[in-house]
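Visitor: One-letter residues, chain by chain:
Protein chains: 2
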Amino acid sequence: MPKKIACLITSMFEDSEYSEPAKAFQEAGHEVVTIEKETGKTVQGKQGEVSVKIDKSVDEVSPEDFDALFLPGGFSPDILRADERFVNFSKAFMDAKKPVFAICHGPQLLITAKTLDGRHVTGYKSIRVDLENAGASFSDEEVVVCGNQLVTSRDPNDIPAFTRESLKLLQ
Amino acid sequence: MPKKIACLITSMFEDSEYSEPAKAFQEAGHEVVTIEKETGKTVQGKQGEVSVKIDKSVDEVSPEDFDALFLPGGFSPDILRADERFVNFSKAFMDAKKPVFAICHGPQLLITAKTLDGRHVTGYKSIRVDLENAGASFSDEEVVVCGNQLVTSRDPNDIPAFTRESLKLLQ
Numbered sequence: 001m002p003k004k005i006a007c008l009i010t011s012m013f014e015d016s017e018y019s020e021p022a023k024a025f026q027e028a029g030h031e032v033v034t035i036e037k038e039t040g041k042t043v044q045g046k047q048g049e050v051s052v053k054i055d056k057s058v059d060e061v062s063p064e065d066f067d068a069l070f071l072p073g074g075f076s077p078d079i080l081r082a083d084e085r086f087v088n089f090s091k092a093f094m095d096a097k098k099p100v101f102a103i104c105h106g107p108q109l110l111i112t113a114k115t116l117d118g119r120h121v122t123g124y125k126s127i128r129v130d131l132e133n134a135g136a137s138f139s140d141e142e143v144v145v146c147g148n149q150l151v152t153s154r155d156p157n158d159i160p161a162f163t164r165e166s167l168k169l170l171q
Numbered sequence: 172m173p174k175k176i177a178c179l180i181t182s183m184f185e186d187s188e189y190s191e192p193a194k195a196f197q198e199a200g201h202e203v204v205t206i207e208k209e210t211g212k213t214v215q216g217k218q219g220e221v222s223v224k225i226d227k228s229v230d231e232v233s234p235e236d237f238d239a240l241f242l243p244g245g246f247s248p249d250i251l252r253a254d255e256r257f258v259n260f261s262k263a264f265m266d267a268k269k270p271v272f273a274i275c276h277g278p279q280l281l282i283t284a285k286t287l288d289g290r291h292v293t294g295y296k297s298i299r300v301d302l303e304n305a306g307a308s309f310s311d312e313e314v315v316v317c318g319n320q321l322v323t324s325r326d327p328n329d330i331p332a333f334t335r336e337s338l339k340l341l342q
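Read top to bottom, the protein sequences are chains A and B. Be aware that the first sequence starts at 1, since it is given in my numbering, and climbs by one per residue. Be aware that the second sequence starts at 172, since it is given in my numbering, and climbs by one per residue.
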């Protein structure tokens, strides 16, 4: 059954960490809705390779409208977490135990949402201490699946494993 | 008496958070030595306004050669803290109780160095929860001076207060 996936994204995202999982999700029949501050805006990846048109403003959507949350990395998550609307939106998926897929710096939104205490995760090496300080246990592995709900990966090299495990939780 | 200040910096730094304090330090007679991986490289600010030539590779210098540490913000600190040489270099100043000046995302290096437990700080709003999880108490003020040693500020608007308090510790 097709699922509706919310993707929080802004400029400076890591290009392939959005484009490759999004393509795989769509090819499996799921819908990816890109969400930022402004509907219709185009945001740019930090490598200059991928542009993404924003489908919905965060003010127009509700977490209840979606089945899962996808958080690509790069500097996008740190920019977004300075705005509590994106933090609260992320928190709602963790609280509802809906699937959450976060790669690289993606878990930064989950740290600021205070949702990682006692969870098992991985993430980009620069945020390892932040994840541990947030109460998570960190494994240096290509993908970690916690509680049949939270999928995390380290960096673009892990995209195949990240996508594979995320797709399993969408079945 | 002129002091020698180490500045850890790489591309994607917040332009004015380097250029304005560095200018003030130099005008007061102090020396600012820019340090990255590669001597002679030019690094670029994220606003595209400021370029900085790297004076020394981190492999060529020792914390003992310097009187103080300056950490400008932007995404530079997060990039640098993925490399333990910059983390260890930062830690040495905290351990030696030498003056440390960190603005915006600058304190991310101090989090990864595990040096903020019990300290009083401020920083860019996106890293507030990371700072608190690291054991620091956070104040939403233009500048916080902790233990006559550690000066932190939030963002470019705070540069005058940041520079003023940093200069006091260099006297």
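Please keep in mind that the hints were generated in silico from the structure rather than gathered at the bench. Idealized CB from N, CA, C, for every residue including glycine. Take these hints with a grain of salt, some might be off.
Keeping only pairs whose Cα atoms sit at most 16 Å apart, straight-line, the calculated EDC-like set for lysine to aspartate or glutamate is [claimed, not checked]: (1) A:K125 to B:E235; (2) A:K37 to A:D59; (3) B:K296 to A:E49; (4) A:K114 to B:E303.
Label pairs and their calculated CB-CB ranges [stated by the list, open to error]: (5) B:S310 to A:E38: 26 to 34 Å; (6) A:K56 to B:A267: 47 to 55 Å; (7) B:K212 to A:D83: 31 to 39 Å; (8) B:K285 to A:K114: 18 to 26 Å; (9) A:D95 to B:K224: 17 to 25 Å; (10) A:G147 to B:D254: 26 to 34 Å; (11) A:S57 to B:R335: 50 to 58 Å.
Visitor: Confirm or reject each hint.
Guide: Structure-based check of all given hints:
1. A:K125 to B:E235: 27 Å, violated
2. A:K37 to A:D59: 7 Å, holds
3. B:K296 to A:E49: 29 Å, violated
4. A:K114 to B:E303: With a Cα-Cα distance of about 11 Å, the restraint between K114 of chain A and E303 of chain B holds, given a limit of 16 Å.
5. B:S310 to A:E38: 26 to 34 Å: 32 Å, holds
6. A:K56 to B:A267: 47 to 55 Å: 51 Å, holds
7. B:K212 to A:D83: 31 to 39 Å: About 34 Å separates the Cβ atoms of K212 of chain B and D83 of chain A, which means 31 to 39 Å holds.
8. B:K285 to A:K114: 18 to 26 Å: Holds, at about 20 Å.
9. A:D95 to B:K224: 17 to 25 Å: Violated, at about 49 Å.
10. A:G147 to B:D254: 26 to 34 Å: This hint holds: roughly 32 Å between Cβ atoms.
11. A:S57 to B:R335: 50 to 58 Å: Given about 40 Å between the Cβ atoms, the range is violated.
Taken one by one, the earlier hints fail for this structure at numbers 1, 3, 9, 11, listed in ascending order.
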